[in-house]
Amino acid sequence: MDFDDAHISDEELLLAIDGELPDDEAAEVDTHVTACAACRARREEIEGAIAVYQRIHRRNLNVRIPSAAGPRALLQARLAEMPRLYEVPRRPPHRPGLPPLWLQVAAVALIAALATVAAGRWAASHRTRVGRQDAGAFSVPNASLTPGATILASRSEVCSGSNPNNRAVPASLQRKVFEEYGIPGAKAVAYEVDYLITPALGGADDIHNLWPQSYSQTVWNARVKDALEDRLHELVCEGRLDLATAQRDISVNWIAAYKKYFQTDRPLETANP
Amino acid sequence: MSITTAESAIAFAREIAPAERTSHRPPPLELEVVDLFDRLRVRLLRYVLGFGLPVQDAEEIVQEVFLSLFQHLQQGKSRENLTGWIFRVAHNLALKRRTFLSSALNPDGGGLAQEADVYVDPAPNPEDQLASHQTQRRLLAVFGALPEQDRRCLALRAEGLRYREIGQILGISLGAVSLSLSRSLRRLTHAAER
Chain A
597 MDFDDAHISD EELLLAIDGE LPDDEAAEVD THVTACAACR ARREEIEGAI
647 AVYQRIHRRN LNVRIPSAAG PRALLQARLA EMPRLYEVPR RPPHRPGLPP
697 LWLQVAAVAL IAALATVAAG RWAASHRTRV GRQDAGAFSV PNASLTPGAT
747 ILASRSEVCS GSNPNNRAVP ASLQRKVFEE YGIPGAKAVA YEVDYLITPA
797 LGGADDIHNL WPQSYSQTVW NARVKDALED RLHELVCEGR LDLATAQRDI
847 SVNWIAAYKK YFQTDRPLET ANP
Chain B
637 MSITTAESAI AFAREIAPAE RTSHRPPPLE LEVVDLFDRL RVRLLRYVLG
687 FGLPVQDAEE IVQEVFLSLF QHLQQGKSRE NLTGWIFRVA HNLALKRRTF
737 LSSALNPDGG GLAQEADVYV DPAPNPEDQL ASHQTQRRLL AVFGALPEQD
787 RRCLALRAEG LRYREIGQIL GISLGAVSLS LSRSLRRLTH AAER
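These protein sequence lines map, in sequence, to chains A and B. Count the first sequence with the working numbering and you get residues 597 to 869, in order. Count the second sequence with the working numbering and you get residues 637 to 830, in order.
In isolation and in its complexed conformation, chain A is listed as follows (with noise of 0.2 Å):
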């Protein structure tokens, strides 16, 4: 059905089904419609095709969609693992009026005395940034940099033997890489650009998949996770483990992945010599 100049148009009851025209529009189209019955009409076929079509939409999905226990715990627990930036205190309900004036001077007097000790640590940390973030901060890759990629092969592909453990990747791309984790001068000597899947292990050649990870100078080193990666491999091609697990369990938390596949809590002795 189209309406002509005389009537409302859908557009117009759209707007004004989820209130979003203006006062005065939204009372002229109420008075139009409280007096006319096919705009009336037409707005319960609108709403009525949207309710039908709701239904149906979530009726077909909903059946696809499993069950929440599992990715809620891995959420939970991919949460606990995130690194924690600093706390953010929630900002308590507005108050009108000041404190006292006591409290006023209190809090400049601590203010003054905690800018003091911030200024002194920054300017001593300073200097070491850089060595700072090497003692750790690249063990695991940000989630949101390098959730890791796969491309699509078979168990038989990835035991084939034709991908290496990890392929070099370009000069280009490492600066990418450097770039996107905030040390574009990074040396390629301090860090290893890792694949966070391992292309044995299916992974692709893509910057969502690499990572600048520290080489010696933590407990969770590369040479950690060439053990786990040669781990994982040799259980997909045992048919001990299924190659999507393998794939989601070193790319969610590979410190995590190595724990439970070697059993410890620390990396064993022939991972770090």
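Careful, some of the hints might be misleading.
Unchecked claim - Derived DEER-like restraints, expressed as beta-carbon distance ranges: (1) B:A777 with A:R819: 55 to 63 Å; (2) A:V659 with B:A777: 13 to 21 Å; (3) A:A840 with B:R819: 36 to 44 Å; (4) B:Q770 with A:S740: 39 to 47 Å; (5) A:I803 with B:G780: 54 to 62 Å; (6) B:A777 with A:D826: 46 to 54 Å; (7) B:T735 with A:S663: 25 to 33 Å; (8) B:G780 with A:E834: 40 to 48 Å; (9) A:P618 with B:A781: 28 to 36 Å; (10) B:A777 with A:S740: 36 to 44 Å.
What the hints assert, rightly or not - Lysine-lysine pairs mimicking DSS-like chemistry, simulated, CA-CA at most 30 Å apart: (11) B:K713 with B:K732; (12) A:K856 with B:K713; (13) B:K713 with A:K772.
These are computed hints drawn from the structure, not numbers from a lab. All figures in this text were calculated on a predicted structure; none of them were measured in a lab. All residues carry an ideal CB built from backbone N, CA and C; glycine is no exception.
Assemble chain B onto chain A, guided by the hints.
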């Protein structure tokens, strides 16, 4: 030993959850993010599945959305309309993933499920089938033939988002949303009437 994905996810969660998590409550920000996950996961999954992505990819996108939300909140960024923010991130990630999978599966872009094919018949009883099957098929055929943006508008509306939020998620004006929806609904009502 064969380890399934679901089992390993739960086992993984147990293993990396340190002992103190059982004796200390998680910080409020984590609780807030998990609470939002509980409330929005199904809606988000439905929306992301609508891009023709496999369930596993859709689930991973939802995880990524909430990890990004955690970072967003941790950095003290805006809390205004978090639902809209969450859907916008999911929309962008789904588009990116679909592009990646399409090129990986088939360079011609034909490897993923088509929009109308993402709907699975939940096998209603025979009477229901008789009554609604034809209408449903017609509606889905019309839906599948709509332009991409119109499908996204409808799907977001079906997930309960307001037109203003839909516009923000898709990066289009409020007028463009209402125009898109009125166009789609006109076609859908014609299909239902036939």
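A quick look at each hint next to the structure:
Between B:A777 and A:R819 the CB atoms are about 57 Å apart, so this pair conforms to the stated range of 55 to 63 Å. For A:V659 and B:A777, the hinted distance range of 13 to 21 Å is satisfied, since their beta carbons lie about 20 Å from each other. A C-beta distance of roughly 40 Å is found between A:A840 and B:R819, which places it inside the suggested range of 36 to 44 Å. Evaluation of the 39 to 47 Å hint for B:Q770 and A:S740 yields a pass: the beta carbon distance comes to about 46 Å.
Separated by about 34 Å at the C-beta atoms, A:I803 and B:G780 break the suggested range of 54 to 62 Å. Checked against the hint of 46 to 54 Å, the C-beta distance between B:A777 and A:D826 comes to roughly 51 Å, which is consistent with it. Restraint check, B:T735 to A:S663: a C-beta distance of roughly 29 Å satisfies the suggested window 25 to 33 Å. Distance hint for B:G780 and A:E834: a CB-CB separation of about 44 Å, consistent with the stated range 40 to 48 Å.
Roughly 35 Å separates the CB atoms of A:P618 and B:A781, a value that falls within the hinted 28 to 36 Å. Checking the proposed 36 to 44 Å range against B:A777 and A:S740 shows it holds: the Cβ atoms sit about 38 Å from each other. Under the criterion of a C-alpha separation no larger than 30 Å, the hint pairing B:K713 with B:K732 is consistent with the structure, at around 24 Å. Between A:K856 and B:K713 the CA atoms are separated by roughly 35 Å; this puts the pair beyond 30 Å, and the hint is violated.
Proposed proximity of B:K713 and A:K772 is supported: the alpha carbons are some 26 Å apart, at most 30 Å.
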